[in-house]
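> Let chain A serve as the given structure and place chain B on it in line with the hints.
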Amino acid sequence: MALNEFTITQLRGQLERGETTSVALTQACLARIEATDERLNVFITVCAEEALAAAAVADQQLAAGSGGLLTGIPIAVKDIFNTIDVRTTCASKILDNYISPYDATTITKLREQGAVIVGKLNMDEFAMGSSNENSAAGAVRNPWNVEHVPGGSSGGSAAAVAAGQVVATLGTDTGGSVRQPASHCGVVGLKPTYGRVSRYGVVAFASSLDQVGPVAGNVEDCALLLGAVAGYDPADSTSVDCPVPDYLENLRAGVAGKKIGLPKEYFIDGLDGDVQKSVDAAIKVYKELGAEIVEVSLPHTEYAVACYYLLATAEASSNLARYDGVRFGKRQDDGNGLVNMYEQSRTAGFGAEVKRRIMLGTYALSSGYYDAYYIKAQKVRTLIRQDFLTVFEQVDMLLTPVAPTPAFKIGTMVDDPLKMYLSDIFTIPTNLAGTCAMSLPCGFSEEGLPIGLQLVGKPFAEAEMLQAAYAFEQATEWHKRVPEL
Amino acid sequence: MKISQTDVEKVARLSRLSLAPEDLETMRGQMDAVLGYVDKLNELDTEGIEPMAHAVPMANAFREDEVKPSIGVERALQNAPASGDECFTVPKVIE
Chain A
1 MALNEFTITQ
11 LRGQLERGET
21 TSVALTQACL
31 ARIEATDERL
41 NVFITVCAEE
51 ALAAAAVADQ
61 QLAAGSGGLL
71 TGIPIAVKDI
81 FNTIDVRTTC
91 ASKILDNYIS
101 PYDATTITKL
111 REQGAVIVGK
121 LNMDEFAMGS
131 SNENSAAGAV
141 RNPWNVEHVP
151 GGSSGGSAAA
161 VAAGQVVATL
171 GTDTGGSVRQ
181 PASHCGVVGL
191 KPTYGRVSRY
201 GVVAFASSLD
211 QVGPVAGNVE
221 DCALLLGAVA
231 GYDPADSTSV
241 DCPVPDYLEN
251 LRAGVAGKKI
261 GLPKEYFIDG
271 LDGDVQKSVD
281 AAIKVYKELG
291 AEIVEVSLPH
301 TEYAVACYYL
311 LATAEASSNL
321 ARYDGVRFGK
331 RQDDGNGLVN
341 MYEQSRTAGF
351 GAEVKRRIML
361 GTYALSSGYY
371 DAYYIKAQKV
381 RTLIRQDFLT
391 VFEQVDMLLT
401 PVAPTPAFKI
411 GTMVDDPLKM
421 YLSDIFTIPT
431 NLAGTCAMSL
441 PCGFSEEGLP
451 IGLQLVGKPF
461 AEAEMLQAAY
471 AFEQATEWHK
481 RVPEL
Chain B
1 MKISQTDVEK
11 VARLSRLSLA
21 PEDLETMRGQ
31 MDAVLGYVDK
41 LNELDTEGIE
51 PMAHAVPMAN
61 AFREDEVKPS
71 IGVERALQNA
81 PASGDECFTV
91 PKVIE
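One line per chain: the protein sequences are A and B, in this order. Here the first sequence stands for residues 1 to 485, numbered as in the working numbering. Here the second sequence stands for residues 1 to 95, numbered as in the working numbering.
Since the hints were made in silico from the structure, they are not lab data. Mixed in with the good hints there might be a few duds.
Simulated restraints on C-beta separations [unchecked claim]:
1) B:Ala20 to A:Ser237: 38 to 44 angstroms
2) A:Asp241 to B:Lys68: 17 to 23 angstroms
3) A:Pro243 to B:Gly48: 35 to 41 angstroms
4) B:Ile49 to A:Gln394: 19 to 25 angstroms
5) B:Asp39 to A:Thr20: 54 to 60 angstroms
6) A:Tyr370 to B:Thr26: 40 to 46 angstroms
7) B:Ala61 to A:Tyr370: 23 to 29 angstroms
Quick list of in silico lysine-lysine cross-link-like pairs, DSS-like style, CA-CA up to 30 angstroms [to be verified]:
8) B:Lys68 to B:Lys10
9) A:Lys480 to A:Lys458
10) A:Lys419 to B:Lys92
11) A:Lys93 to B:Lys40
12) A:Lys277 to A:Lys287
13) A:Lys277 to A:Lys458
14) A:Lys355 to B:Lys40
15) A:Lys93 to A:Lys330
16) A:Lys355 to B:Lys10
17) A:Lys409 to A:Lys419
18) A:Lys93 to B:Lys92
19) A:Lys93 to A:Lys355
20) A:Lys355 to A:Lys330
21) A:Lys264 to A:Lys284
22) A:Lys419 to B:Lys40
23) A:Lys379 to B:Lys40
24) A:Lys287 to A:Lys330
25) A:Lys259 to A:Lys287
26) A:Lys480 to A:Lys409
27) A:Lys277 to A:Lys264
28) A:Lys277 to A:Lys409
29) A:Lys264 to B:Lys40
30) B:Lys92 to A:Lys355
31) A:Lys379 to B:Lys2
32) A:Lys287 to A:Lys480
33) A:Lys284 to A:Lys480
34) A:Lys379 to A:Lys419
35) B:Lys10 to A:Lys330
36) A:Lys258 to A:Lys277
37) A:Lys379 to A:Lys355
38) A:Lys480 to A:Lys277
39) B:Lys68 to A:Lys355
40) A:Lys419 to B:Lys68
Built from N, CA and C at the ideal position, the CB exists for glycine as well.
Chain A with its partners taken away, still in its complex shape (with noise of 0.2 angstroms):
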């Protein structure tokens, strides 16, 4: 059976009727893997053995009537999750042999709800990247087109859901990286307000911007995957303790009466035509639907880029120094001393990508530069949010593109960092602002590569923005169509 035809109420209901199993909906979903992994590289870790067991219990369960949100259902984590007694590589081969010695928050919650975790999902090299192509474990290939790019850099997490390999995901959005590939392989995907998800366990990168989102095929799975992993944890200092309402509740309340801003600014030359003609097809479909639409400004957008380079990097360079060969990950030594072999450990542990980061960071935080670059973007940043702030006071969500372009093909960017670093451009004020924002289906290019939709919603205001995202899927057929594997 094709995993993707389902929601996961639907299943669930399914799963408690007894027309399935979970035994069979994992065998289902390794059987998918199995037949498509070869193309694809989506997965580093298949956990069959582990799923199996947990699907055996979750069938007890729902035999005895109990459960939870998710008992029973097939899900994959981003790499980047610590899951207890199996490999967190970050697709870095600096943590090629380490295996997670407990869980995240987030993969408790999973747990606790009654997921299966079936596997650990590819990414670019701790989540440094657009593409997916900068990974130890190879590049991931599109679903769509498999001479493209996924996106990234939670790449594997948006394609392992598009190839309906299992019925959603968890992946980690700092830049973009959870909206990116959702548009890139037509599905859904969110980031949530910053403080919304714990990330205790996750893997960090840039620890002001970094979120957990959800992945999924359709807006309902995403908002009641986001429901079991959101809330306060005391295990993470910068959650917040708000309270996480029942995002499936007014779900089908619609958008009619709603203000919706387009912000001038993401509305520029570069804009591909078909990306512009999509975009465009969706603003008509939201005043059918009863939405005000009023252009607005966020007048600091083209200073958002570099903010986030310098912010980023800065933090990058802070959070990846605990990689030294001592407490876990790879030790390179040839007996020259302390100094030494943190050097060679790290010079061989690292790709590429990472380095670039960690140079520009540790640049931008050195004596004599600290003013210039990095207390000079986080002033930026103020001005950033400060511009969110005031466009909330005249609307209740942004509609926005995703990306400039529809997915590009492998290997076309990998010598230009700046370049790819530009295709970055509407995903990455949100995380300096820290609201939230989601990316769903609108369209696909004239090639027949998906297009997404950025909806940009108030902090916490996840509800309100899953609301009209779930109106406009359900006056669109985007999110049905699948692609041929």
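Showing chain B alone in chain A's frame:
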């Protein structure tokens, strides 16, 4: 030019990375392009603007100082490249 090969070598040392001589110029060029681009921020007057470290306004997160179970020595050492006597083992630090 924003950054010289000497600067790149210094940053590599600070980052505990060693660059092969043939990679030095590529790294310099790529860093130079990014640093040239981020200069854009200087177009903005940020006099009097507070730097922002965090997306959510939040004071320190305090908790009671209570003794709780921890991960344990065995788990903590399970990924160590070298260990002994319940400790991480490192190359000799003091000659």
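> State for each hint whether it applies.
How the hints compare with the structure:
Distance hint check: the CB atoms of alanine 20 (chain B) and serine 237 (chain A) are about 40 angstroms apart, consistent with the given range 38 to 44 angstroms. At roughly 19 angstroms, the beta-carbon separation of aspartate 241 (chain A) and lysine 68 (chain B) lies within the given 17 to 23 angstroms, and the hint holds. For proline 243 (chain A) and glycine 48 (chain B), the Cβ-Cβ distance of about 36 angstroms falls inside the hinted range of 35 to 41 angstroms, so the restraint holds. Distance hint check: the CB atoms of isoleucine 49 (chain B) and glutamine 394 (chain A) are about 22 angstroms apart, consistent with the given range 19 to 25 angstroms.
Between aspartate 39 (chain B) and threonine 20 (chain A) the beta carbon distance is about 58 angstroms. The supplied range of 54 to 60 angstroms therefore holds. For the hinted restraint 40 to 46 angstroms between tyrosine 370 (chain A) and threonine 26 (chain B), the CB-CB distance of approximately 26 angstroms leaves it violated. Distance hint check: the CB atoms of alanine 61 (chain B) and tyrosine 370 (chain A) are about 26 angstroms apart, consistent with the given range 23 to 29 angstroms. Pair hint lysine 68 (chain B) plus lysine 10 (chain B) does not hold up; C-alpha atoms about 43 angstroms apart against a cutoff of 30 angstroms.
For a cut-off of 30 angstroms, the pair hint linking lysine 480 (chain A) to lysine 458 (chain A) stands: about 28 angstroms separates their Cα positions. A C-alpha spacing of about 44 angstroms is found between lysine 419 (chain A) and lysine 92 (chain B), which places the hinted pair above 30 angstroms, so the restraint is violated. Taking the CA atoms of lysine 93 (chain A) and lysine 40 (chain B), the gap is near 35 angstroms; set against the 30 angstroms cutoff, the hint is violated. Simply put, lysine 277 (chain A) and lysine 287 (chain A) have alpha-carbon atoms about 16 angstroms apart, close enough for the 30 angstroms limit, and the pair holds.
At roughly 26 angstroms between alpha-carbon atoms, lysine 277 (chain A) and lysine 458 (chain A) fall within 30 angstroms of each other, so this suggested pair holds. Distance check on the hinted pair: lysine 355 (chain A) and lysine 40 (chain B) sit about 24 angstroms apart at the alpha-carbon level, within 30 angstroms; holds. Straight-line distance between C-alpha atoms of lysine 93 (chain A) and lysine 330 (chain A) comes to about 8 angstroms, which keeps the hinted pair within the 30 angstroms bound. A C-alpha spacing of about 14 angstroms is found between lysine 355 (chain A) and lysine 10 (chain B), which places the hinted pair at or below 30 angstroms, so the restraint holds.
Straight-line distance between C-alpha atoms of lysine 409 (chain A) and lysine 419 (chain A) comes to about 14 angstroms, which keeps the hinted pair within the 30 angstroms bound. Between the alpha carbons of lysine 93 (chain A) and lysine 92 (chain B) the distance comes to roughly 25 angstroms, so the proposed pair stays at or under 30 angstroms and holds. For the hint pairing lysine 93 (chain A) with lysine 355 (chain A), the CA-to-CA distance comes to about 13 angstroms; that is within 30 angstroms, so the pair holds. Between lysine 355 (chain A) and lysine 330 (chain A), the direct Cα distance comes to roughly 16 angstroms. Compliance with the 30 angstroms bound is thereby established for this hinted pair.
Proximity of lysine 264 (chain A) to lysine 284 (chain A) is assessed by CA-CA distance (about 16 angstroms); at most 30 angstroms being required, the pair is judged to hold. For a cut-off of 30 angstroms, the pair hint linking lysine 419 (chain A) to lysine 40 (chain B) stands: about 15 angstroms separates their Cα positions. Restraint check for lysine 379 (chain A) and lysine 40 (chain B): the C-alpha separation of about 14 angstroms stays at or below 30 angstroms, so the hint holds. Pair hint lysine 287 (chain A) plus lysine 330 (chain A) does not hold up; C-alpha atoms about 55 angstroms apart against a cutoff of 30 angstroms.
As the CA atoms of lysine 259 (chain A) and lysine 287 (chain A) are separated by approximately 10 angstroms, the hinted pair is consistent with the 30 angstroms bound. Restraint check for lysine 480 (chain A) and lysine 409 (chain A): the C-alpha separation of about 24 angstroms stays at or below 30 angstroms, so the hint holds. Distance hint between lysine 277 (chain A) and lysine 264 (chain A) is fulfilled; the C-alpha atoms sit about 16 angstroms from each other, no more than 30 angstroms. Restraint check for lysine 277 (chain A) and lysine 409 (chain A): the C-alpha separation of about 21 angstroms stays at or below 30 angstroms, so the hint holds.
Of the pairs offered as hints, the one joining lysine 264 (chain A) and lysine 40 (chain B) holds, with about 20 angstroms between alpha carbons and a cut-off of 30 angstroms not exceeded. About 27 angstroms separates the Cα atoms of lysine 92 (chain B) and lysine 355 (chain A), which keeps this hinted pair within 30 angstroms; it holds. Among the hinted pairs, lysine 379 (chain A) with lysine 2 (chain B) is consistent with the structure: their alpha-carbon atoms are about 22 angstroms apart, no more than 30 angstroms. Under the criterion of a C-alpha separation no larger than 30 angstroms, the hint pairing lysine 287 (chain A) with lysine 480 (chain A) is consistent with the structure, at around 22 angstroms.
Between lysine 284 (chain A) and lysine 480 (chain A) the alpha-carbon distance is near 20 angstroms, which keeps this suggested pair within the 30 angstroms criterion. At roughly 24 angstroms between alpha-carbon atoms, lysine 379 (chain A) and lysine 419 (chain A) fall within 30 angstroms of each other, so this suggested pair holds. Proposed proximity of lysine 10 (chain B) and lysine 330 (chain A) is supported: the alpha carbons are some 24 angstroms apart, at most 30 angstroms. Between lysine 258 (chain A) and lysine 277 (chain A), the direct Cα distance comes to roughly 23 angstroms. Compliance with the 30 angstroms bound is thereby established for this hinted pair.
A C-alpha spacing of about 26 angstroms is found between lysine 379 (chain A) and lysine 355 (chain A), which places the hinted pair at or below 30 angstroms, so the restraint holds. The straight-line distance between the Cα atoms of lysine 480 (chain A) and lysine 277 (chain A) is roughly 20 angstroms, inside the 30 angstroms bound, and the hint therefore holds. As the CA atoms of lysine 68 (chain B) and lysine 355 (chain A) are separated by approximately 38 angstroms, the hinted pair breaks the 30 angstroms bound. The suggested pairing of lysine 419 (chain A) with lysine 68 (chain B) is violated, with an alpha-carbon distance near 49 angstroms, which exceeds 30 angstroms.
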